[in-house]
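Asker: Top to bottom, those sequences are chains A and B. Residue numbering for the first sequence follows full-length UniProt numbering, beginning at 1 and increasing consecutively. Residue numbering for the second sequence follows full-length UniProt numbering, beginning at 1 and increasing consecutively.
Honestly, the hints are just simulated from the structure, not real lab data. Everything numeric in this text was worked out from a predicted model, so none of it was measured. For each residue, glycine too, the CB sits at the ideal point set by N, CA and C. No false leads were slipped in.
Output of the computed footprint for chain B on chain A, the stretches with three or more beta carbons under 8 Å from beta carbons of chain B:
id: 1; region: 9-18
id: 2; region: 27-38
id: 3; region: 43-49
id: 4; region: 60-70
id: 5; region: 75-89
Quick look at which bits of chain B chain A covers, simulated, 3 or more residues with Cβ under 8 Å:
id: 6; region: 15-29
id: 7; region: 33-40
id: 8; region: 55-64
Sample of chain A residues at the chain B side, in silico, Cβ under 10 Å:
id: 9; residue: D4
id: 10; residue: P5
id: 11; residue: F6
id: 12; residue: S23
id: 13; residue: D52
id: 14; residue: I53
id: 15; residue: L107
id: 16; residue: G108
There are 2 protein chains.
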Amino acid sequence: MAADPFDALLDALRCLPGVGARSAQRMALHLLERDRDGGRRLANALAVAMRDIRRCDRCRNFTAAKVCRICADERRSSQILCIVESPADVLAIEAATGYQGRYFVLLGRLSPLDGIGPGDLGLDQLERQLAAGATEEIVIATNTTVEGEATAHYLREMAARHRVRVSRLAQGVPLGGELEHTDQSTLAHAFSSRQPMA
Amino acid sequence: MAADPFDALLDALRCLPGVGARSAQRMALHLLERDRDGGRRLANALAVAMRDIRRCDRCRNFTAAKVCRICADERRSSQILCIVESPADVLAIEAATGYQGRYFVLLGRLSPLDGIGPGDLGLDQLERQLAAGATEEIVIATNTTVEGEATAHYLREMAARHRVRVSRLAQGVPLGGELEHTDQSTLAHAFSSRQPMA
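Isolated chain A, as found in the complex:
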């Protein structure tokens, strides 16, 4: 921790992901030379966000309110629930799809080796929601990593206990990609899961 305000700023900027010594210096000098108002605005926005942003009571996404904007939106269906690992996934799905249901944000994935169990992901809370009976389908949108798949498996079992339909994002070759550059496991999966053409 540096005593000099300039060094302290360089130090603090490096807590941002992807910001090393050189970018921190560039950012600090940019704000000091050309955008002190922006710097003050950022200081304020950070302080407010770190203090006020909490997890939505319903879906565990970040929000400054008791319930997030999506959960508070009465026009969205409560019958379908998309389960994602992180708030970034919610933003990505909202930006790319016309999905009109709700979300549940795990903020992580099952990882017994790291001591992350169902309780840490709010899965007890999710189970109470499913038990309440309003949900008809869950869409599992965890990552296709080992932990993401383990989490998906756990979610499928839970849904079965409550007789809730389960779906999972389609897996296969990405659109606009070239087969030549598709990784082997994706290509193998896409080949064995090939779909009949209408």
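Fit chain B to the given chain A structure using the hints.
Answerer: Chain B only, in chain A's frame:
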């Protein structure tokens, strides 16, 4: 300006150079999910820096004190003064060289078309320093752009009026570079300014 603290944070992060919508999102989520302490520390460091950092009375570099660390260092020579465009240049020269003199930071370069004249760069203040007589040599380290060269020319004339020796950073092919990838004007200059080998 967004009312929601999360959107306000995304907005504010984009005032950092090189940070677009996606990086802002990644940064905000990283701080919220994994480093709230870092976020608070950054908010505080920014607020202090934007409020307290001013220009050194002597060299115009950024500092929170009346006089910056370099100017306050009695072991450094006042006889030699290196003139740079920006605080980043001071950091670069300090990191790369063993220079033990002082600096003068223009915080810009002469650019009549943009309405930037000698007064905006503190050149009147510099001229008073030269007139005072302690300076024996100035090292011109402005950028090798058109405006940087014009500024260098102006500085040379000023130094001549006060009978101060002038030098300029050597120009030529960069070390560790390949001739093949050196731009034409640098190569032409390096060729015509070739040095006898001892």
